[in-house]
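Sequences listed follow chains S and V, in order. One point on numbering: in our numbering, the residue at position 13 of the first sequence is 13, and numbering is uninterrupted. One point on numbering: in our numbering, the residue at position 75 of the second sequence is 75, and numbering is uninterrupted.
Derived by calculation from the structure, the hints in this document are not laboratory data. What you are looking at is a predicted structure, and each value in this text was computed from that prediction instead of being measured. Honestly, I wouldn't trust all of these hints.
The following label-pair restraints were derived from C-beta to C-beta distances [said to hold, decoys possible]:
{"#": "1", "chain 1": "V", "residue 1": "G85", "chain 2": "S", "residue 2": "L46", "range": "40 to 50 Å"}
{"#": "2", "chain 1": "S", "residue 1": "R59", "chain 2": "V", "residue 2": "T104", "range": "12 to 22 Å"}
{"#": "3", "chain 1": "S", "residue 1": "K96", "chain 2": "V", "residue 2": "T20", "range": "18 to 28 Å"}
{"#": "4", "chain 1": "S", "residue 1": "E15", "chain 2": "V", "residue 2": "L39", "range": "24 to 34 Å"}
To give an idea of the interface, some chain S residues facing chain V are shown, with a C-beta separation under 10 Å as derived from the structure [as the list claims (entries may be wrong)]:
{"#": "5", "residue": "F11"}
{"#": "6", "residue": "S26"}
{"#": "7", "residue": "A29"}
{"#": "8", "residue": "R41"}
{"#": "9", "residue": "Y70"}
{"#": "10", "residue": "K96"}
If you want the ones that stay clear, here's a sample from chain V, every Cβ over 12 Å from chain S, calculated [what the hints assert, rightly or not]:
{"#": "11", "residue": "R22"}
{"#": "12", "residue": "L39"}
{"#": "13", "residue": "K71"}
Using N, Cα and C, we set each Cβ at its ideal position, and we do this for glycine too.
What follows is the residue order along each chain.
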Amino acid sequence: RKEVEQDPGPFNVPEGATVAFNCTYSNSASQSFFWYRQDCRKEPKLLMSVYSSGNEDGRFTAQLNRASQYISLLIRDSKLSDSATYLCVVDSGTYKYIFGTGTRLKVLA
Amino acid sequence: DTGVSQDPRHKITKRGQNVTFRCDPISEHNRLYWYRQTLGQGPEFLTYFQNEAQLEKSRLLSDRFSAERPKGSFSTLEIQRTEQGDSAMYLCASSLGGGPSQETQYFGPGTRLLVL
Chain S
1 RKEVEQDPGP FNVPEGATVA FNCTYSNSAS QSFFWYRQDC RKEPKLLMSV YSSGNEDGRF
61 TAQLNRASQY ISLLIRDSKL SDSATYLCVV DSGTYKYIFG TGTRLKVLA
Chain V
1 DTGVSQDPRH KITKRGQNVT FRCDPISEHN RLYWYRQTLG QGPEFLTYFQ NEAQLEKSRL
61 LSDRFSAERP KGSFSTLEIQ RTEQGDSAMY LCASSLGGGP SQETQYFGPG TRLLVL
């Protein structure tokens, strides 16, 4: 089993739709969780950290489920500019971080 | 610009040659990471430094790869005797590293390596 798994997609959704991504992780000792966004041929950029209590930033909501070992990202009211690859990142129990393969999102006009 | 910088941005080399990449982290960031990314994959961990100490190195990193961070500031990644399979984007990231709330990694633009 991979340490961090994501559905690679692509997810093709119309503008204004709500879309959700899940990411599962295998190390129960993991403490830090992040979602990064990566545009084509660009470097990853932090979208949001994921806290135990869940957190929201505008149209984006991140949740952590420790019991089932997954994190989720919900995007509401999708915009064309949300089209990108969304990377799930989990620490390995140390300060080494494992990235998922990414989920591609394409928002269609 | 006070972000992470990497040099060069692109490198084309012939198989068997040595290449060296440089990364300048955000000032005062203690941790520095190197990743490799190929098409359709997420960044793959290579190694990381806490100040000048190299604390972990991926098992996937062969002996042809070496990284240094001699004064705890900039870092270099060298690949000796390059192979075509080394072609990838090499990403550097840095973080403050002062505790759980300071683990956010900021990435440089990457060095794209093509081995012919």
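Status of each hint after checking the structure:
{"no.": "1", "hint": "G85(V) <-> L46(S): 40 to 50 Å", "in the structure": "violated, 30 Å"}
{"no.": "2", "hint": "R59(S) <-> T104(V): 12 to 22 Å", "in the structure": "holds, 20 Å"}
{"no.": "3", "hint": "K96(S) <-> T20(V): 18 to 28 Å", "in the structure": "holds, 23 Å"}
{"no.": "4", "hint": "E15(S) <-> L39(V): 24 to 34 Å", "in the structure": "holds, 27 Å"}
{"no.": "5", "hint": "F11", "in the structure": "violated, 15 Å"}
{"no.": "6", "hint": "S26", "in the structure": "violated, 15 Å"}
{"no.": "7", "hint": "A29", "in the structure": "violated, 14 Å"}
{"no.": "8", "hint": "R41", "in the structure": "holds, 8 Å"}
{"no.": "9", "hint": "Y70", "in the structure": "violated, 16 Å"}
{"no.": "10", "hint": "K96", "in the structure": "holds, 5 Å"}
{"no.": "11", "hint": "R22", "in the structure": "holds, 16 Å"}
{"no.": "12", "hint": "L39", "in the structure": "violated, 10 Å"}
{"no.": "13", "hint": "K71", "in the structure": "holds, 20 Å"}
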